[in-house]
Amino acid sequence: MPIGRFIEYEDASPEVRAVYDDIMKTRGVDWINNFWKTLAQDPATLKRTWESIKQVMAPGALDPLTKEMIYVAVSVTNGCEYCINSHLAGARAKGLTDAMLAELMAVIGMASETNALVTGWQVELDERLRRAAQGAK
Amino acid sequence: MPIGRKIEYEDACAEVRAVYDDIMETRKLRWIADFWKVIAQDPATLRRTWESMKQVMGPGVIDPVAKELIFVAVSIANGCEYCSTAHTATARAKGATPEMLAEAFAVIGIAAETNALVTAWQVELDERLRRAAQATSAG
Numbered sequence: 006m007p008i009g010r011f012i013e014y015e016d017a018s019p020e021v022r023a024v025y026d027d028i029m030k031t032r033g034v035d036w037i038n039n040f041w042k043t044l045a046q047d048p049a050t051l052k053r054t055w056e057s058i059k060q061v062m063a064p065g066a067l068d069p070l071t072k073e074m075i076y077v078a079v080s081v082t083n084g085c086e087y088c089i090n091s092h093l094a095g096a097r098a099k100g101l102t103d104a105m106l107a108e109l110m111a112v113i114g115m116a117s118e119t120n121a122l123v124t125g126w127q128v129e130l131d132e133r134l135r136r137a138a139q140g141a142k
Numbered sequence: 008m009p010i011g012r013k014i015e016y017e018d019a020c021a022e023v024r025a026v027y028d029d030i031m032e033t034r035k036l037r038w039i040a041d042f043w044k045v046i047a048q049d050p051a052t053l054r055r056t057w058e059s060m061k062q063v064m065g066p067g068v069i070d071p072v073a074k075e076l077i078f079v080a081v082s083i084a085n086g087c088e089y090c091s092t093a094h095t096a097t098a099r100a101k102g103a104t105p106e107m108l109a110e111a112f113a114v115i116g117i118a119a120e121t122n123a124l125v126t127a128w129q130v131e132l133d134e135r136l137r138r139a140a141q142a143t144s145a146g
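First to last, the sequence lines map onto chains Z and G. For the first sequence, the numbering used here gives the first residue as 6, with consecutive numbering after it. For the second sequence, the numbering used here gives the first residue as 8, with consecutive numbering after it.
Treat the hints with care, since some could be wrong.
Computed cross-link-like contacts, DSBU-like style, restricted to lysine-lysine with a CA-CA straight-line distance of at most 35 Å [said to hold, decoys possible]:
{"id": "1", "chain 1": "G", "residue 1": "Lys101", "chain 2": "G", "residue 2": "Lys35"}
{"id": "2", "chain 1": "Z", "residue 1": "Lys30", "chain 2": "Z", "residue 2": "Lys52"}
{"id": "3", "chain 1": "Z", "residue 1": "Lys99", "chain 2": "G", "residue 2": "Lys13"}
{"id": "4", "chain 1": "Z", "residue 1": "Lys99", "chain 2": "Z", "residue 2": "Lys52"}
{"id": "5", "chain 1": "G", "residue 1": "Lys61", "chain 2": "G", "residue 2": "Lys101"}
{"id": "6", "chain 1": "Z", "residue 1": "Lys59", "chain 2": "G", "residue 2": "Lys101"}
{"id": "7", "chain 1": "G", "residue 1": "Lys61", "chain 2": "G", "residue 2": "Lys13"}
{"id": "8", "chain 1": "G", "residue 1": "Lys101", "chain 2": "Z", "residue 2": "Lys99"}
{"id": "9", "chain 1": "G", "residue 1": "Lys35", "chain 2": "G", "residue 2": "Lys61"}
{"id": "10", "chain 1": "G", "residue 1": "Lys13", "chain 2": "G", "residue 2": "Lys35"}
{"id": "11", "chain 1": "Z", "residue 1": "Lys59", "chain 2": "Z", "residue 2": "Lys99"}
{"id": "12", "chain 1": "G", "residue 1": "Lys35", "chain 2": "Z", "residue 2": "Lys99"}
No lab work stands behind these hints, which were simulated from the structure alone.
Please work from the sequences and hints to get the whole structure.
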């Protein structure tokens, strides 16, 4: 059970309805998932969060499928089951194949393993790596 | 200071040197990052971790830059500065531009925000989303 209640389209204020309409139009779907219906209890957060997602996840220098995979990676690491599934669904809609899903899971596992090793051994950052990350040749 | 010490190439046993050689050859570099030098204190883990990394991060169906950005995303979410920096460097080496990195960081930020909102509100998973996530590429 979520905290509070879902705001269904029929019961929503015009402000919330406008966001729901934009979500359905942008995503090409005819329904609103529970995340938005729960957030809609706080219309300002609903609107702000949707505007952020719409801007951040739109095509840019990275293709939309790569963005969804990054989203899934963060959600797995944070242990957010809802978010993993909602963004896997998004990734599927954007072309994620079973083979890509398997590779994505392997990279997430690999990163978690080496993250833990670095934390355990308390490895200090090489200056050379820091410069390379900054873009130095 | 890391726990223990770094194993430099000159002081390494044959098993560790073979891994170092493979890392440098695979990555086309002439130096070894401290991560490998520190875990080389445990040669079996060094070898296993490198073999895993080589297989997982090697060519496949996901583009190599995208894989590095996924690695960065996990590392940031886990708060591992060494790892996010190391894999940002690798992403750049594989062709990530500043614009691509900026977009990846924006996705990581919004994901963290919505993860927290879902956790806070305790939103339950829609059956419809679960089915869509399971859907095979064929279906």
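| Unmet hints by their number, sorted upward, for this structure | 3
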